[in-house]
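Keeping their order, the protein sequence lines are chains A and B.
By the count of our numbering, the first sequence reaches residue 139 at its end, each step adding exactly one.
By the count of our numbering, the second sequence reaches residue 139 at its end, each step adding exactly one.
Because the hints were derived from the structure by calculation, they are not lab data.
Where hints are given, some of them may not hold.
Copies of the same chain look alike in the list, so a pair counts if it works inside one copy or between any two.
Claimed, not checked - Below are the BS3-like pairs computed for lysine-lysine, each with C-alpha atoms no more than 25 Å apart in a straight line:
{"hint": "1", "residue 1": "K34", "residue 2": "K105"}
{"hint": "2", "residue 1": "K76", "residue 2": "K127"}
{"hint": "3", "residue 1": "K9", "residue 2": "K76"}
{"hint": "4", "residue 1": "K76", "residue 2": "K34"}
{"hint": "5", "residue 1": "K34", "residue 2": "K127"}
{"hint": "6", "residue 1": "K96", "residue 2": "K34"}
{"hint": "7", "residue 1": "K119", "residue 2": "K76"}
{"hint": "8", "residue 1": "K72", "residue 2": "K34"}
{"hint": "9", "residue 1": "K8", "residue 2": "K72"}
Number of protein chains: 2
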Amino acid sequence: MIKKINHIAIAVPDLQAAIHQYETTLGGKVSPIIEEGEHGVMLAFVELDNSKIELLHPLSDDSPIAKFLEKNPHGGIHHICYEVNDIMAAKEHLEREGAKILGDGTPKIGAHGKRVLFLHPKDFNGCLIELEEI
Amino acid sequence: MIKKINHIAIAVPDLQAAIHQYETTLGGKVSPIIEEGEHGVMLAFVELDNSKIELLHPLSDDSPIAKFLEKNPHGGIHHICYEVNDIMAAKEHLEREGAKILGDGTPKIGAHGKRVLFLHPKDFNGCLIELEEI
Numbered sequence: 006m007i008k009k010i011n012h013i014a015i016a017v018p019d020l021q022a023a024i025h026q027y028e029t030t031l032g033g034k035v036s037p038i039i040e041e042g043e044h045g046v047m048l049a050f051v052e053l054d055n056s057k058i059e060l061l062h063p064l065s066d067d068s069p070i071a072k073f074l075e076k077n078p079h080g081g082i083h084h085i086c087y088e089v090n091d092i093m094a095a096k097e098h099l100e101r102e103g104a105k106i107l108g109d110g111t112p113k114i115g116a117h118g119k120r121v122l123f124l125h126p127k128d129f130n131g132c133l134i135e136l137e138e139i
Numbered sequence: 006m007i008k009k010i011n012h013i014a015i016a017v018p019d020l021q022a023a024i025h026q027y028e029t030t031l032g033g034k035v036s037p038i039i040e041e042g043e044h045g046v047m048l049a050f051v052e053l054d055n056s057k058i059e060l061l062h063p064l065s066d067d068s069p070i071a072k073f074l075e076k077n078p079h080g081g082i083h084h085i086c087y088e089v090n091d092i093m094a095a096k097e098h099l100e101r102e103g104a105k106i107l108g109d110g111t112p113k114i115g116a117h118g119k120r121v122l123f124l125h126p127k128d129f130n131g132c133l134i135e136l137e138e139i
């Protein structure tokens, strides 16, 4: 089912500072900032040869990323996103396996316009998992 | 400098259970268990098409992974490892940029027999970074 890592998301308290750090200190290639108003976040991708890091910052105080940063003021790794071929088949497989899908259990349109599901970190070794249909 | 994600390490409270979950619930391909006695850990890799997840479990109570699991009993994402071509050039660049390298600042032989450096999560948005020479 899980095929590739699409991205690893890191919530950051200062997006411009994080972009600068990944570009200069770590010598990475970073995309322009993308505003995802509907999802309450702004982000930039660190583009690596085999995957990408999503630097995530909230647009408003009621965003889940704002709440995450309240608990983790320095920032922190927020989730890992894996690609799947068929999100409905993934959902059915996960339900058969007894995994709990976040929200009402149906795929949503994620920040990149693809169908996504989230799995609770408590059920997956403290790691919030996003599955994205490719 | 940073080229590829080599792996993302997740500390897990029960390695067999985590392997079973990644194989069955998530439909991933998992390697046999590798014991790294010198580094105080046992691990297994979830092998994805573009990178891998390292499921990490301590071999003894004084391992840093044991301490991490005391704070995070469900487990959690422990670090991200990036590949670099030249670890000494990376070290010099990081020092010029004012980044603090963990330990005495010199590369060590990591769990996979390659030279590695670690960067403190406080300085990198709450994310422990490993650089591995490839």
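Quick rundown of the hints versus the structure:
{"no.": "1", "hint": "K34 x K105", "verdict": "between (36 Å within a copy, 21 Å between copies)"}
{"no.": "2", "hint": "K76 x K127", "verdict": "both (16 Å within a copy, 14 Å between copies)"}
{"no.": "3", "hint": "K9 x K76", "verdict": "neither (29 Å within a copy, 29 Å between copies)"}
{"no.": "4", "hint": "K76 x K34", "verdict": "neither (29 Å within a copy, 34 Å between copies)"}
{"no.": "5", "hint": "K34 x K127", "verdict": "between (33 Å within a copy, 22 Å between copies)"}
{"no.": "6", "hint": "K96 x K34", "verdict": "between (34 Å within a copy, 19 Å between copies)"}
{"no.": "7", "hint": "K119 x K76", "verdict": "neither (29 Å within a copy, 35 Å between copies)"}
{"no.": "8", "hint": "K72 x K34", "verdict": "neither (28 Å within a copy, 34 Å between copies)"}
{"no.": "9", "hint": "K8 x K72", "verdict": "neither (30 Å within a copy, 31 Å between copies)"}
In this structure, the earlier hints numbered 3, 4, 7, 8, 9 are contradicted, and the remaining ones agree with it.
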